[in-house]
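Protein chains in written order, with this note's numbering: chain A, 1 to 286; chain B, 1001 to 1507; chain C, 2001 to 2334; chain D, 3001 to 3334.
One or more hints might be untrue.
[Unchecked claim] In silico DSSO-like cross-links for lysine-lysine, where the CA-CA straight-line distance does not exceed 30 Å: (1) D/3129 x C/2332; (2) D/3154 x A/152; (3) C/2332 x B/1347.
[As the list claims (entries may be wrong)] To give an idea of the chain D side of the interface with chain B (calculated C-beta under 10 Å), a few residues: (4) 3205; (5) 3207; (6) 3219; (7) 3223; (8) 3225; (9) 3226.
It is worth saying that the hints were derived from the structure and are not from the lab.
Bear in mind the structure is a predicted one, so any value in this text is a computation, not a measurement.
Glycine included, each C-beta is placed from N, C-alpha and C at the ideal position.
Listed here are the chains, written in short residue letters.
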Amino acid sequence: ETYFPIIAKGFSHQFWQAVKAGAEEAAARNGVTITFEGPNTEAEIDKQTDILNAAIAKAPQGLGFAALDSQAQIPALQKAADAGIPIVAFDSGVDSDLPLTTCSTDNMAAAAAAADNLAKAIGEEGKIAAVIHDQTSATGIGRRDGFLNRIKEAYPNIEVVDVQYANDALKAADNVKAMLQANPDIKAIFASNEGSAIGLAVAMKETGAQIVGVGFDSGKTQKDAIMDGTLLGAITQNPVGIGQCVVDSLVKATAGEELPKNIDTGFYWYDKTNMADAQIAAVLYD
Amino acid sequence: MNETVRANAPPVVEMRGIEKSFPGVRALQSVRFDLRAGEVHALMGENGAGKSTLMKILTGVYQPDGGEILVDGRSAALRTPQAAQALGISIIHQELFLMNHLSAAQNIFIGREPRKGLGIFVDEAKMKQDAAAIFRRMKVEIDPAAEVGNMTVARQQLVEIAKALSYNARVLVMDEPTSALNETEVEHLFAVIADLKANGVGIVYITHKMDEVKRIADRVTVMRDGQYIDTLPAASTPMSTVIQLMVGRELADQHRATGQGTAEEVLRVTGLNRGKALREVSFSLNKGEILGFAGLMGAGRTEVARAIFGADPIDSGEIQVHGQVRRIASPADAVENGIAYLSEDRKHFGLVTGMSVRDNVTMASWGRFMQAGFMQEAALGKVAEEYVRKLRVKTPHIHQETRLLSGGNQQKVVISKWLLRDCDILIFDEPTRGIDVGAKAEIYRLLEDLAAQGKAIIVISSELPEVLRLSHRIAVMCEGRITGELDGRTASQEEIMTLATQRANAA
Amino acid sequence: MTDTTLDSGKGAKSGFFTTAALQKAVAFVVLIALLAFFSLFAPNFATGSNMVGIMQATAVNGVLGVAVTYVIIAGGIDLSIGTMMTLTAVVAGIILTNLGMPLPLGIIGAIAAGAFMGAISGWTIAELKIPPFIATLGMMQIARGLALVFSEAKPIYFNDTPSYQLLSPVSSISAIFPGIEIPNGVMIMFIVAIISSIVLTRTIVGRMIFALGSNEEAARLSGIKVNRWKILTYAICGGISGIAGLIVSSRLNSAQPALGLGYELDAIAAVVIGGTSLSGGRGTVMGTIIGAFIMSVLTNGLRVMGVQEEWKIVVTGVIIIVAVFIDIFLRKKA
Amino acid sequence: MTDTTLDSGKGAKSGFFTTAALQKAVAFVVLIALLAFFSLFAPNFATGSNMVGIMQATAVNGVLGVAVTYVIIAGGIDLSIGTMMTLTAVVAGIILTNLGMPLPLGIIGAIAAGAFMGAISGWTIAELKIPPFIATLGMMQIARGLALVFSEAKPIYFNDTPSYQLLSPVSSISAIFPGIEIPNGVMIMFIVAIISSIVLTRTIVGRMIFALGSNEEAARLSGIKVNRWKILTYAICGGISGIAGLIVSSRLNSAQPALGLGYELDAIAAVVIGGTSLSGGRGTVMGTIIGAFIMSVLTNGLRVMGVQEEWKIVVTGVIIIVAVFIDIFLRKKA
Ligand SMILES: Nc1ncnc2c1ncn2[C@@H]1O[C@H](COP(=O)(O)OP(=O)(O)OP(=O)(O)O)[C@@H](O)[C@H]1O
Ligand SMILES: Nc1ncnc2c1ncn2[C@@H]1O[C@H](COP(=O)(O)OP(=O)(O)OP(=O)(O)O)[C@@H](O)[C@H]1O
Ligand SMILES: [Mg+2]
Ligand SMILES: [Mg+2]
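Pulled out of the complex, with its shape left as it was, chain A reads as follows (with noise of 0.2 Å):
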């Protein structure tokens, strides 16, 4: 019987437990059977090697992988392929053409959109903040960068004045009210996942601050801020869809079928007004 290890960033976390959920359900339609595993923290890119490693030993049909490092790891993903393991990365990409694709969305051009709604509600113009959920992991870079550098091209009257780090809600929600006391003129806050989401309409409750929040991710609370006109709105991308993808490509490389180089799993803009659209509902989860 065929099996994929599906080795992600984490695993504690909501957006790896809907990518868990799309890959199971996946699995689960292609008769095949998968296992989900992940480091604590995005930091640990040894341990997912050694994890990667064991993964291996299993001589596995195929793999799944989400590199924390685009570099770091090739040898051990060259030893599955030494294997003749089919490899299928995901999240993000890794810089060889061992995968034989990437289901990915690209986090730069993600969070660009979010600076575009965040802009717009602000009339491109003011003082604005990002609060951060990892200062030194792909997610986090691409997330922050693709921030800053879409409000530093297209938005010169938006100034930048802080950017914090917070690895979880109750950080992020004082982070966010140490900012909002640094720079009271602060007139909007991006928050770069549902962590940080949580704890930027924490913040905002608790302040009562008449700021913009925009958030990333989905989850419940966030769903929720986004209803009640807490925070404007978040991207999502689609975990559920990078998983099924994960799957279904592996189960399509198994069965020697060519893969695109990427499948983009796409992401979306959502506030209160498209939130119950089919399409969007479809990648939200709770």
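Since the structure of chain A is provided, determine the placement of chains B, C and D with the ligands on it from the hints.
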């Protein structure tokens, strides 16, 4: 006192055929012992004879490997200290078991605190009163609220005694209770013991001090090498007999110091000051001389020693070694200058109890047993063996942890450490505390030999006979001052006591 | 070392006596100094709303600090408090949201769960003689794993229990004294601290805890049932971690199963900055609270000053050391 | 406890005498048991490549464990080893990649940086009398912050220094003994362990470290320059953390500035599982290595068995406790 009456009184406690072994040591071999109500039964024996072990068994600290214990004629199982206490048996341990962070009162009543408010709150006030009452009975000045950790060994020992008394036991074991006490305190303790006797309390009294036995004991039981030797009436038995039973050999006589140091000065201390503990302490020490430091507890003798040794910082004062002024800021400096200090608090400052006899004997000299950074294990073992033999340290092997040695044997290990380091200025603080007569005589001889070999020696001792026995010259301290110097060959106990109590204001 | 431990004991005598008082005084001075510094150099730092913000940022760490203070005074350590907090929050979520039971049951359940798990740590330490560091390191993993298992690695929301907000963000006191906008989470921290301070300094429980930390062997030889008291101590610690779990999940209106890792070190830092000795037998709860405030004032102040993240981390490390140094130094002098 | 410490001394005497040997034996039995279990119930576990994978997964934790073993035997603790490892890796990256200097300088630089920072920790502990836990907790933050500052929070790659691969992934031994595919990183771990074992049991340094851990005051009063030896101990620990930094960054062919947080706890767990006492004065390096293997075999085995991630965490926690329990239990019996 009339032993006949007591002789037919039934024993409160009887121990039969008690066996106990520890890894590598057969501590007790079919030992028997009995105690009658209202008697003081002295338990004597050399270091390591098994006295403490036997009593730890009686008080539920250790479990015997064999034998039986009868309390009031009924065989009793003493699984825990609580079980023993429940039967009215309590003990003053040789080692201090106190909670340094708690006050005297809190230590005395730990686990038995008077309660108030639904029994969850501690009634500190009542506790302090009760503690104060016990201290009054012992006639000692200790603040029940004072913290045990800041007390000197002597005062801590008094707190231990108070704790044991507070149990109102009918059987009270005292394991070397006076080892850190001075004459006055010992007198007060004896008074307390007398009145316990009168109330029918049976007391087991472990000591190495013959005079004490003569004074308070009704019977004496002698142990040697973990075996029961004999039980004798204290009054009618000459101490020489007891001593012979203990050590199984003749002993050196108790003569006075005769020798005298050379004229060559090796150490001069001028105007040493440290807070209230030391005031303008000045003295000198010559090659080949034994300088005795006498005084009551808290007189400041240990403080002098620690100051010279660089263990405590001094406020002012100058130390000359071989005529040169030396800056001694740490024990390391002191040892560099050939000064060694043998602490009165063996367990905490003398030994690394978790390490072997070998390592303890050699640790002050490790530098010498090193080649390219590597320890010369063989050489270490050889010297350790040599000193274990020299000082007759009772230990299964040199790899035994010093923690497992009896009090006296631990002391011998510490002495070995400094002898091996052969510094030429040796400060011995209570060198024979908790050491049996046999070993004592040897250590006296040892100190004399060392002096004869040209070492300069300071002996701090709370036992006047010891000071007189050893010292060529005697410095007497009171309240941090040196109140006078006496010639060791002519000085009398009376002269010393006068100086020792010569308070600044009184003088 | 000697000097510190020489004074130290007095702290044990009671939370309000000389050294203990001094310890707190010292930590307090450091706190005031930090507040003064930031008020001068961080614009917008010294405002009422920011003070409330700081308090709120202190609540969780403060309560966890109080919890572990019990254990540390008893001569132990508990590394599981952070993930224990998460687990208890998840338990509350399951009771209130998944099972839809009333609020009081959720509160009791969370605290009970913490106390139970804590008792297990205590049991492995007291009966199985596992070193506290390792026993609670294991428990840290177990609690974290269970939190993920029970929550299926998804946050549990309290939307169906609006009253849950009462446990942290809401400020009930402001209803009584308008203007005093102190959130309930902070009030709970203070209440827990005051009660704990009384328990440790005035009750038999506290006495036993200090005795354990001061000299366990002596306590045993004095006929104290050492193991029972030890287990109780860890149970109390777990139970209070449960309170922290309630505060954090109430504030986020959700039990976040991934949160909590690393919180134990912040809490322990607060305890030590507050003058409690890691070797046991000495410490005060109020010191811990001040220690927790020092840490959150520091983080907040540096943020408001706009110090770069990486330098913020460096400075925090330095201040932790300096604060403790000042504490030790002044007590030597005293 | 008594019983464990009762044996202890012999352990202190030398790494190769009775109890020490027994400790290792015990941990070893646990390790064998785990290997046997997984070989039976986890298909594909007992394959050469997986064994190599396990070794590789052990190298970093093993070396960090050895580093902190020195400190723990000396009666201290070092929480900074994890982030110290990261900092040293970054230093190597700056020397080799940013400054383009030759490999040896990078190696020396990384180890020297670790030793220097370690010495600072040691100094604050020895001279300023800061409790080790708090001093190294502060250093943990400082090292982490500096790593981010120096690397500008970006990974530094070693692509321009291909020879850097020699430090971990490459297997030089297989060139000599074809078939033995043990990577250099693992060999380095074994070499560090053997040298450390000799240092601790046969040299003056080791003897001093054991003395410090057993009774510091007695050592001081024996004329031993306690502070110097203490500082040296922490410097050694830091230096060895530097070696871990080289191994991990060589394996990832990059210095990852955020990696390392939390690694200290794994290392300390390995040390304790290996039978070293956290109260100091007793321990063996080989025990630590076995402890590290127990942990990585466990993680790997559970993975290969396909146990769910969250349950894996729970089981790991349980096993840590059980392993230490067995160790303590068997030594009591002995
Ligand atoms: N816990 C222990 N483990 C191993 N050996 C022990 C232990 N306690 C005592 N011993 C050994 O048992 C013997 C008797 O010791 P004990 O302390 O009873 O002697 P003692 O008569 O009290 O000597 P001292 O007068 O010096 O106190 C000694 O050889 C000692 O080394
Ligand atoms: N650890 C300590 N803490 C506080 N005070 C101390 C300590 N040790 C000694 N002192 C005080 O210093 C003074 C000298 O004590 P020291 O121990 O030197 O007296 P001593 O003459 O050596 O008597 P002994 O050695 O018989 O106790 C006394 O006032 C004593 O109370
Ligand atoms: Mg004895
Ligand atoms: Mg003295």
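These are the hints, each one checked on the structure:
no.	hint	verdict
1	D/3129 x C/2332	11 Å, holds
2	D/3154 x A/152	21 Å, holds
3	C/2332 x B/1347	25 Å, holds
4	3205	7 Å, holds
5	3207	6 Å, holds
6	3219	7 Å, holds
7	3223	3 Å, holds
8	3225	5 Å, holds
9	3226	9 Å, holds
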